[in-house]
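Asks: Sequence:
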Amino acid sequence: MASESAPQSGRVERRLAAILSADVSGYSRLMGEDDEATLRTLSEYRELQFYLIGHHRGRVVNAPGDALLAEFSSVIDAVTCAVEIQKALAGRNDKLPESRRMEFRIGIHLGDVLVKDGALYGDGVNIAARLEGLADGRGICVSRTVYEQIQKKLDCGLEYLGEYLVKNIAEPIEVYGVRVFPEDSSQRRRRRALTAWHGAVLGALAALLLGGAGFWLVGDFLLSLLPEAGAGRHALLAATGTDSRLALKPLTKELSPGTAFQECADCPQMVVVPPGSFEMGSPPEEKERRPDEGPQRRVTLAKPFAIGRYEVTFAQWDTCVRAGGCSYKPQDRGWGRGNRPVIYVSWNDIQEYLRWLSALTGREYRLPSEAEWEYVARAGSQAPYWWGKELKPDHANCERCGRNPSLRTTPVGSFPPNPFGLFDMHGNVWEWTADCWNGTYAGAPSGGEAWTSGECELRALRGGAWGIAGVDLRAARRIASKVDARSGKQGFRVAMTLP
0 MASESAPQSG RVERRLAAIL SADVSGYSRL MGEDDEATLR TLSEYRELQF YLIGHHRGRV
60 VNAPGDALLA EFSSVIDAVT CAVEIQKALA GRNDKLPESR RMEFRIGIHL GDVLVKDGAL
120 YGDGVNIAAR LEGLADGRGI CVSRTVYEQI QKKLDCGLEY LGEYLVKNIA EPIEVYGVRV
180 FPEDSSQRRR RRALTAWHGA VLGALAALLL GGAGFWLVGD FLLSLLPEAG AGRHALLAAT
240 GTDSRLALKP LTKELSPGTA FQECADCPQM VVVPPGSFEM GSPPEEKERR PDEGPQRRVT
300 LAKPFAIGRY EVTFAQWDTC VRAGGCSYKP QDRGWGRGNR PVIYVSWNDI QEYLRWLSAL
360 TGREYRLPSE AEWEYVARAG SQAPYWWGKE LKPDHANCER CGRNPSLRTT PVGSFPPNPF
420 GLFDMHGNVW EWTADCWNGT YAGAPSGGEA WTSGECELRA LRGGAWGIAG VDLRAARRIA
480 SKVDARSGKQ GFRVAMTLP
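FYI, the numbering for the sequence shown is 0 to 498, going by numbering that gives the first Met the number 0.
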């Protein structure tokens with residue numbers, strides 16, 4: 000949308016401006032369910048937004064995808080425009096089924112920006128974008144500088160939401176909510192109360208994670224209390240969903256084990272995994288064991304890391320294509336795109352996606368190592384599957400696994416999550432890892448890092464896939480594929496090294 004630092008060449012102007020940043024709450028879900036209808040609604044709502052921005056003497060800076068960035072010389076105009084946008088869109092949403100309503104989140108900040116060739120740069124833009132991420136659907140969040148300008152000049156309710164540490168901003172920002180709809184106030188108050196005990200909950204979750212199945216029961220209970228919870232496939236999925244932001248916004252920079260976070264509307268949702276040790280590979284007595292699954296060895300992951308809750312979806316990949324970060328648009332075999340795992344992507348193709356996502360967020364996204372992948376797939380179990388020794392019906396997408404008779408991918412999150420809160424670690428698609436292929440584990444690293452020597456024109460994939468026998472979904476099972484190979488049974492999930 001806009002960079003945080005201006006290019007070195009060309010004339011650059013500095014000025015004070017009110018910046019409005021907006022995007023659609025739950026855009027990925029809407030696109031996954033009906034992309035054509037979503038784009039029609041977005042186009043209709045865009046016309047209204049552009050009209051109101053111009054009517055209030057603002058300027059549309061950029062509007063890629065579902066995002067919107069606008070500049071105003073008056074903070075009064077910016078907030079008035081935002082309120083009118085939310086009210087007008089609410090009227091239009093009332094005519095749509097609840098599941099198809101398109102609600103925007105808006106953030107507004109008053110601050111210095113740099114302008115070059117009409118584009119905006121600097122902290123003023125960054126803070127507005129972070130405020131947008133803290134807003135609820137059809138909500139408006141503003142900074143203290145905006146609050147001070149409007150508190151006695153506009154007839155609208157204002158509510159203090161607390162201080163937040165946000166990405167790439169050194170000091171906490173004070174956040175205020177603009178009460179457009181009175182019925183939304185109680186929801187914001189409930190979220191603030193939950194945020195206050197967020198740290199304690201995460202500490203308890205970390206201990207429960209290490210305890211294995213206990214997390215499954217208590218995690219469902221805790222997550223069901225979150226304001227985003229609703230009817231869904233599973234309690235955990237319903238609570239965290241595939242929406243674009245944290246279910247609870249963190250008050251510290253530290254990400255504790257069990258935390259879920261998502262850095263943009265179409266970024267993968269990540270889960271922080273605790274450190275630990277496990278026996279990697281399969282024991283000689285494991286049914287259908289293969290020679291490349293040994294010798295079994297102890298691997299210790301000394302630090303927490305983050306990994307995708309779901310496999311990367313077509314919706315997320317297509318965002319990269321639209322943004323120019325990915326040069327290749329894979330086919331979907333007519334099964335649909337949206338919330339299904341992206342397929343027909345090679346290891347080389349994925350590097351483009353990782354570079355784009357890293358540049359977009361300012362964090363280093365990567366593929367997991369084989370050791371990291373197996374550690375999170377087992378989730379504390381040494382059995383072939385996270386749930387036990389034998390394949391269970393309706394626990395994974397594979398051949399004769401109890402569901403999916405059409406033999407194709409299923410939307411991510413269609414089966415129960417493991418105790419780490421991760422979906423589809425067994426089945427759906429084989430997942431690429433960072434490791435070069437080696438035919439045994441003799442000489443493999445024991446610290447969880449990727450094995451970067453061996454047959455590096457081949458890379459390891461894990462997890463099994465649709466149409467694959469259940470025995471090939473075992474946590475220790477591994478296959479090799481050429482780095483430029485594309486298959487309808489191959490996809491990936493992302494990982495991140497935490498600071």
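Bear in mind the hints are in silico, worked out from the structure with no lab data behind them. Treat the hints with care, as some may be off.
Claimed, not checked - List time: in silico BS3-like cross-link candidates among lysine-lysine, alpha-carbon distance up to 30 Å:
# : residue 1 : residue 2
1 : Lys-286   : Lys-152
2 : Lys-388   : Lys-286
3 : Lys-391   : Lys-286
4 : Lys-86    : Lys-151
To be verified - Computed spacing ranges between beta-carbons, pair by pair:
#  : residue 1 : residue 2 : range
5  : Lys-94    : Gly-361   : 35 to 45 Å
6  : Leu-95    : Phe-49    : 13 to 23 Å
7  : Gly-156   : Glu-278   : 31 to 41 Å
8  : Glu-170   : Leu-406   : 50 to 60 Å
9  : Lys-286   : Glu-43    : 48 to 58 Å
10 : Lys-166   : Trp-334   : 28 to 38 Å
11 : Phe-49    : Glu-278   : 50 to 60 Å
12 : Asn-347   : Ser-73    : 47 to 57 Å
13 : Gly-401   : Arg-99    : 56 to 66 Å
14 : Ser-73    : Lys-94    : 52 to 62 Å
15 : Asp-393   : Tyr-159   : 42 to 52 Å
16 : Glu-170   : Lys-94    : 24 to 34 Å
17 : Glu-158   : Ile-75    : 33 to 43 Å
18 : Trp-334   : Asp-154   : 28 to 38 Å
Beta carbons are placed, not taken as given, at the ideal position from N, Cα and C, and that holds for glycine.
Asks: Look at the Cβ atoms of Gly-156 and Glu-278 and judge whether their distance stays inside 31 to 41 Å.
Replies: Taking Cβ atoms as reference, Gly-156 and Glu-278 lie about 58 Å apart, which means the hint is violated.
Asks: Are the Cα positions of Lys-391 and Lys-286 separated by 30 Å at most?
Replies: This hinted pair holds, its Cα atoms lying about 16 Å apart.
Asks: Ser-73 and Lys-94, beta-carbon distance inside 52 to 62 Å?
Replies: 32 Å, violated
Asks: Does the hinted range 50 to 60 Å hold for Glu-170 and Leu-406 at CB?
Replies: For Glu-170 and Leu-406 the Cβ distance comes to about 54 Å; the hint holds.
Asks: Range first: 50 to 60 Å. Now tell me if the beta carbons of Phe-49 and Glu-278 are that far apart.
Replies: Hint holds: Cβ distance 59 Å, inside 50 to 60 Å.
Asks: With respect to the beta-carbon atoms only, verify the hint that Asp-393 and Tyr-159 lie 42 to 52 Å apart.
Replies: Once the Cβ atoms are compared, 46 Å apart, the range 42 to 52 Å for Tyr-159 and Asp-393 holds.
Asks: For the range 35 to 45 Å, tell me whether the beta carbons of Lys-94 and Gly-361 fit it or not.
Replies: Distance hint for Lys-94, Gly-361 holds at roughly 39 Å.
Asks: Do the beta carbons of Lys-166 and Trp-334 sit within 28 to 38 Å of each other?
Replies: 35 Å, holds
Asks: Just tell me: holds or violated, for the beta carbon distance of Leu-95 and Phe-49 against 13 to 23 Å?
Replies: 20 Å, holds
Asks: Confirm or reject the claim that Lys-286 and Glu-43 have a C-beta distance inside 48 to 58 Å.
Replies: 57 Å, holds
Asks: Starting from the hint 28 to 38 Å, judge whether the C-beta atoms of Trp-334 and Asp-154 obey it.
Replies: 52 Å, violated
Asks: Is the distance from the Cβ of Asn-347 to the Cβ of Ser-73 consistent with 47 to 57 Å?
Replies: 49 Å, holds
Violated hints, listed in ascending order, are 1, 7, 13, 14, 16, 17 and 18; each of the other numbered hints is respected by the structure.
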